Amino acid sequence: MTVVERREVALVDLLDRLLAGGVVITGDITLRIADVDLVRIDLNALISSVNAQVPAPWGEPT
Amino acid sequence: MTAQGGLRYVYAVCRPFAAALQAQLTGVAGAPPGLLRHRGLVAVVSTVPEGDFAAEPLRGHLEDLDWLAATARAHQGVIDALTTVTTPLPLRLATVFRDDSGVRTMMEAREADFLRALDRLDGRVEWGVKLYVDPPEQASAPAGRPASGRDYLRQRRMRTHAQEEQWRAAEEFARILHQRLSERAEDSRLHPPQNAMLSGVSGQNLLNAAYLVPRADSEEFVELVDRTKDEAPHMRVELTGPWAAYSFTEPAVEPMPAPATEPAQPAEAGEQR
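Top to bottom, those sequences are chains A and B. When you line the first sequence up against this note's numbering, it's residues 6 to 67, in that order. When you line the second sequence up against this note's numbering, it's residues 198 to 470, in that order.
If you are wondering where the hints come from, they were derived from the structure by calculation, not from laboratory data. None of the values given here were measured: they were computed from a predicted structure. Each hint can be trusted.
Counterexamples of contact, computed for chain B against chain A with all Cβ distances above 10 Å:
1. Arg212
2. Gln219
3. Leu222
4. Leu238
5. Ala344
6. Gln352
7. Ile373
8. Asp384
9. Ala413
Label pairs and their calculated CB-CB ranges:
10. B/Pro343 <-> A/Val29: 54 to 62 Å
11. A/Val29 <-> B/Thr357: 37 to 45 Å
12. A/Glu13 <-> B/Arg354: 42 to 50 Å
13. A/Val29 <-> B/Ala215: 24 to 32 Å
14. B/Gln219 <-> A/Val29: 21 to 29 Å
No residue lacks a Cβ here, since even glycine has one placed at the ideal position from N, Cα and C.
Construct all of the structure, not just a fragment, from the sequences and the given hints.
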């Protein structure tokens with residue numbers, strides 16, 4: 006059995022966790038920039054801007 | 198630490214720990230992370246420039262993939278260093294406060310949540326498992342040009358059929374794999390499948406899951422993943438981790454109890470009090 010140890014973490018794997026996971030702090034005490042919505046919206050914008058340039062690699066599964 | 202024209206970036210909250218962080222560790226924006234203790238908790242923080250991390254500039258930066266990548270990697274670097282000395286409760290990327298007193302106020306307000314989460318995650322790590330399906334091979338398959346329109350349509354139908362079959366088999370394998378791994382994990386989360394353009398990885402990502410596993414059981418879990426790797430043709434299983442428990446900072450949502458309006462089964466005969 007071999008365990009592949011990957012030291013270089015892929016950015017997408019990181020973003021799955023850092024933008025969708027982790028404790029979300031909200032409230033007046035923050036600058037409101039830790040707010041989940043802001044980050045989500047920005048990631049969505051990022052992904053859709055990438056998607057817009059490239060058609061899906063494979064047709065719809067059904 | 199005093200705020201000198203800087204904001205406070207918070208990476209994680211931990212229980213106090215004795216070991217020192219690596220001396221040369223740098224965080225987001227290049228500053229070394231420090232510890233801010235408040236009551237029974239420690240926040241891991243560093244100073245970031247207001248010019249980049251105040252709401253407006255941050256909004257712009259987050260759409261810049263290079264900036265986002267550098268920031269995410271720096272954040273992860275600090276979390277990684279923490280996992281070698283404790284079990285951190287990681288915060289979401291770009292959690293920023295005006296000053297230390299803002300961080301303390303937040304810690305006090307969320308103290309009970311944090312302690313509960315830290316207890317739940319203590320000694321656990323997260324493993325990421327992704328399943329990819331290879332792109333269909335027949336793109337290059339038809340050896341010659343179809344002889345007629347009817348041949349063309351027939352070939353196309355066969356291709357479509359083969360694709361559907363392959364897809365169905367892959368979905369079934371994903372379901373079984375997830376079930377099998379969930380049985381060996383304390384908890385699991387499904388992330389949306391990754392976009393091939395962002396990941397730069399070939400094949401279609403069908404399963405993108407995270408599993409919460411006690412450190413002590415990790416070797417066994419990794420072996421289990423490894424054994425599945427050769428089980429299915431045209432599919433690829435990828436393991437990442439161990440991660441800090443990013444995907445498990447919120448407790449699992451309990452399945453809803455039977456709705457009150459429907460007096461379903463009488464509660465099991467002996468629900469004794």
